[in-house]
Amino acid sequence: MPALTPDTIHTLTETLSDLTDYLRENPDLVQALALVEPLLDEYTGLPVQLADTLRALARALQEHPDVPRTAQVDLLITELRTAAWEQTDQHTLHYVLDDLRGMYGSAGTSEPGGCRCR
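Convert by adding 63 to the 1-based position in the sequence shown; the result is the number in my numbering.
To be clear, the hints were calculated from the coordinates, so they are not data collected in a lab. Just to be clear, a hint being listed does not mean it is correct.
As the list claims (entries may be wrong) - The following label-pair restraints were derived from C-beta to C-beta distances: (1) T74 / M166: 12 to 22 Å; (2) Q135 / L98: 37 to 47 Å; (3) T151 / P128: 22 to 32 Å; (4) A134 / T71: 28 to 38 Å; (5) T71 / E149: 23 to 33 Å; (6) T151 / P90: 27 to 37 Å; (7) T78 / T151: 45 to 55 Å; (8) E77 / T107: 29 to 39 Å.
Only a predicted model underlies this, so the values are computations on that prediction, with no experimental measurement involved. Positions of the beta carbon are idealized from the N, C-alpha and C atoms, including for glycine.
Modelling step: build the complete structure from the supplied sequences, incorporating the hints.
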């Protein structure tokens with residue numbers, strides 16, 4: 064795996080910003096649904112990935128020997144974990160995508176009413 068840098072992560076967030084801009088420009092609906100689909104995948108989509116990232120950061124902070132063991136740090140770690148659970152709750156957004164696809168046409172699903180990404 065190539066080394067991660069702040070620049071590589073910044074590129075990812077720029078791509079997400081580009082998608083948002085594209086969606087604001089009245090795009091073709093089928094294309095828009097297809098572009099958003101990977102973000103809402105129930106297993107690998109953005110809510111699940113962000114939740115896992117927040118949990119991993121909390122764990123890294125908790126286990127790092129140079130992080131002080133204070134009430135403030137414990138509170139921050141708890142906040143990261145709470146945010147992770149809140150993100151995990153958003154994993155059901157793939158159902159919204161399925162419903163939209165059913166209402167407005169298929170974006171290449173392999174089964175009726177099902178998300179192609181499953």
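Status of the hints after comparison with the structure:
no., hint, verdict
1, T74 / M166: 12 to 22 Å, "violated (33 Å)"
2, Q135 / L98: 37 to 47 Å, "holds (41 Å)"
3, T151 / P128: 22 to 32 Å, "holds (29 Å)"
4, A134 / T71: 28 to 38 Å, "holds (34 Å)"
5, T71 / E149: 23 to 33 Å, "holds (26 Å)"
6, T151 / P90: 27 to 37 Å, "holds (29 Å)"
7, T78 / T151: 45 to 55 Å, "violated (23 Å)"
8, E77 / T107: 29 to 39 Å, "violated (20 Å)"
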